[in-house]
Amino acid sequence: MDPKVNGQLQTEWGWLIAVYLFLGGVGGGAYTIAAINSFLGESMGLSTTVGLWIGFPALLIGSLFLIADLGSPSRAVLAAMKPRTSWIARGTLIISIFMILSFVHLVLHQFTAITGSIINIIAVLGIVFAIGTMAYTGILLGASKGIPFWRTGVVPVVFVVSATVTGHFAIMLGVTLFGGASAGLEPLQTMAAEATGLVVLEVLTILFFLQAAFRQPDPRESAERILRKRMFVWGYFILGLTVPLVLMIIIYRSSVALHGLAAIGALLGLMGGLILRQAVLVCGALPTLNIAGFEFRRIHRPKEPKPGIGMLPPQ
Amino acid sequence: MPRYGMVIDLKRCYGCYACSMACKTANHTPPGVFWARVLMGEVGSYPNTVRQALPVLCMQCEEPSCMEVCPTGATQKRDDGIVIVEKEKCMGCKYCMMACPYGARYSVEEWESYFPDGLPLSQLEEFQKKAWEEKSGCGVATKCDFCLDRLAEGRLPSCVEACPAKARIFGDLDDPNSEPSILIKKERGQQLNPEFGNKPKVYYLPPR
Chain A
7 MDPKVNGQLQ TEWGWLIAVY LFLGGVGGGA YTIAAINSFL GESMGLSTTV GLWIGFPALL
67 IGSLFLIADL GSPSRAVLAA MKPRTSWIAR GTLIISIFMI LSFVHLVLHQ FTAITGSIIN
127 IIAVLGIVFA IGTMAYTGIL LGASKGIPFW RTGVVPVVFV VSATVTGHFA IMLGVTLFGG
187 ASAGLEPLQT MAAEATGLVV LEVLTILFFL QAAFRQPDPR ESAERILRKR MFVWGYFILG
247 LTVPLVLMII IYRSSVALHG LAAIGALLGL MGGLILRQAV LVCGALPTLN IAGFEFRRIH
307 RPKEPKPGIG MLPPQ
Chain B
908 MPRYGMVIDL KRCYGCYACS MACKTANHTP PGVFWARVLM GEVGSYPNTV RQALPVLCMQ
968 CEEPSCMEVC PTGATQKRDD GIVIVEKEKC MGCKYCMMAC PYGARYSVEE WESYFPDGLP
1028 LSQLEEFQKK AWEEKSGCGV ATKCDFCLDR LAEGRLPSCV EACPAKARIF GDLDDPNSEP
1088 SILIKKERGQ QLNPEFGNKP KVYYLPPR
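These protein sequences, in sequence, are chains A and B.
Under my numbering, the first residue of the first sequence carries the number 7, and numbering increases by one thereafter.
Under my numbering, the first residue of the second sequence carries the number 908, and numbering increases by one thereafter.
If you're looking for bench data, these hints aren't it; they were derived computationally from the structure.
A few of these clues could be false.
Label-pair restraints from in silico Cβ distances [claimed, not checked]: (1) Arg919(B) with Gly299(A): 15 to 21 Å; (2) Pro223(A) with Ser952(B): 17 to 23 Å; (3) Glu230(A) with Tyr1021(B): 30 to 36 Å; (4) Glu230(A) with Phe1034(B): 56 to 62 Å; (5) Glu1086(B) with Leu210(A): 54 to 60 Å; (6) Phe1034(B) with Val110(A): 51 to 57 Å; (7) Leu210(A) with Arg1062(B): 58 to 64 Å.
Positions of the beta carbon are idealized from the N, C-alpha and C atoms, including for glycine.
Turn these sequences into a full structure, and let the hints steer you where they fit.
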């Protein structure tokens, strides 16, 4: 196997971490929207309920993906014991507090008749930690000194915006699937209008992110790679952003409630959020090393497979 | 207490990979793990090109970014400046691997043989696997530690000892009379990519 060469892509963080970042974002985004809706009153009651039911489970499942990626999962608890050391440790603390708050909020909302100041205090605290969770997923990458593509300063912004979008789509999917008659034309149009604005914001953020990456040599190569990835262009930009955007505009302008289209648009938007994170992760490359005018980086050459037993010379 | 560092003379290094092999032999690193790597660089355009070898290892930074991001405190800097990983504390999150701009860290799920899959491990491989698991371990971050076990025996790191061109010079950077200190001063030793801000303790003497 070839030695690691600077300029080559990182391979240590893959799908498991992408799913962790994605579900963390969905959980944070869905909870934030649900908690804000809870302040807006009963007219948005269904989306609040759905958002609360998404927030806590998404975080719980996401954390399991992080633990599954660890080389020594039994020591995961050590990360929570030193919250000041690193963004993983800080994130563990932020997510843990957020999980408790979102769980308590869910239980109080769903199974008790408690309303008023207690719920409001929990919702405000929950929103703070939900935004912290969404930002953390980007800051985690942004603090990685070894991957210049993640250090342009825009990744946390991209992840917060994408988390809000995916959280919104998750609520929309839940409302269209489980809302029944209460998910009528007006709520659907409101959600479609919100989704349209959020997706436009995400498109602008992504363009800004890529533009920032193209300004420096090492991030530029990663940006070129991400734009060459079919999964990113088709899976994220076309199917995960553009198609949902068009569908949301159609739903908004329609005079009948298009539940099926809303569900398809929301699903595609969610898929796009996952692909975005996976693409940002796998296109991260080690920086080029320089000394005395020489550049030391990846040399393009085909990777030779490890020979199988069948390839050994006959005995 | 000494502050260990290394000088690599790029005028002398001709890219023979003896350091890589010596490191592998001394530390029983499995396939894909190269604590002592050699990169090849090029300047100019055909036919006026020059190739240059660049040996890279853990820079034992004064301000290690791997240590900054370690969530469990497994990565530590000793009093002699050598950065180590306490494998019992490492949870294998691989964040340090993302934080090291020099790409000096590795993690393997399990010790693999160099020989084709399916063949039983030889006696030597069994020994190597055991030695790797005892010293470095699987599922945790691993890296060069200037051959701490050899230093304890009063020997030089394996890459330094193996270099046929004597391109690697190891010693105490705090001692102004040590060979590395003199070379850094006399021949304008440079750190690799000082803009990273890690303050490496591995210095390079520029090629001609």
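For each hint, the structure was consulted:
1. Arg919(B) with Gly299(A): 15 to 21 Å: 18 Å, holds
2. Pro223(A) with Ser952(B): 17 to 23 Å: This hint holds: roughly 18 Å between Cβ atoms.
3. Glu230(A) with Tyr1021(B): 30 to 36 Å: This hint holds: roughly 35 Å between Cβ atoms.
4. Glu230(A) with Phe1034(B): 56 to 62 Å: 46 Å, violated
5. Glu1086(B) with Leu210(A): 54 to 60 Å: 57 Å, holds
6. Phe1034(B) with Val110(A): 51 to 57 Å: 55 Å, holds
7. Leu210(A) with Arg1062(B): 58 to 64 Å: Distance hint for Leu210(A), Arg1062(B) holds at roughly 59 Å.
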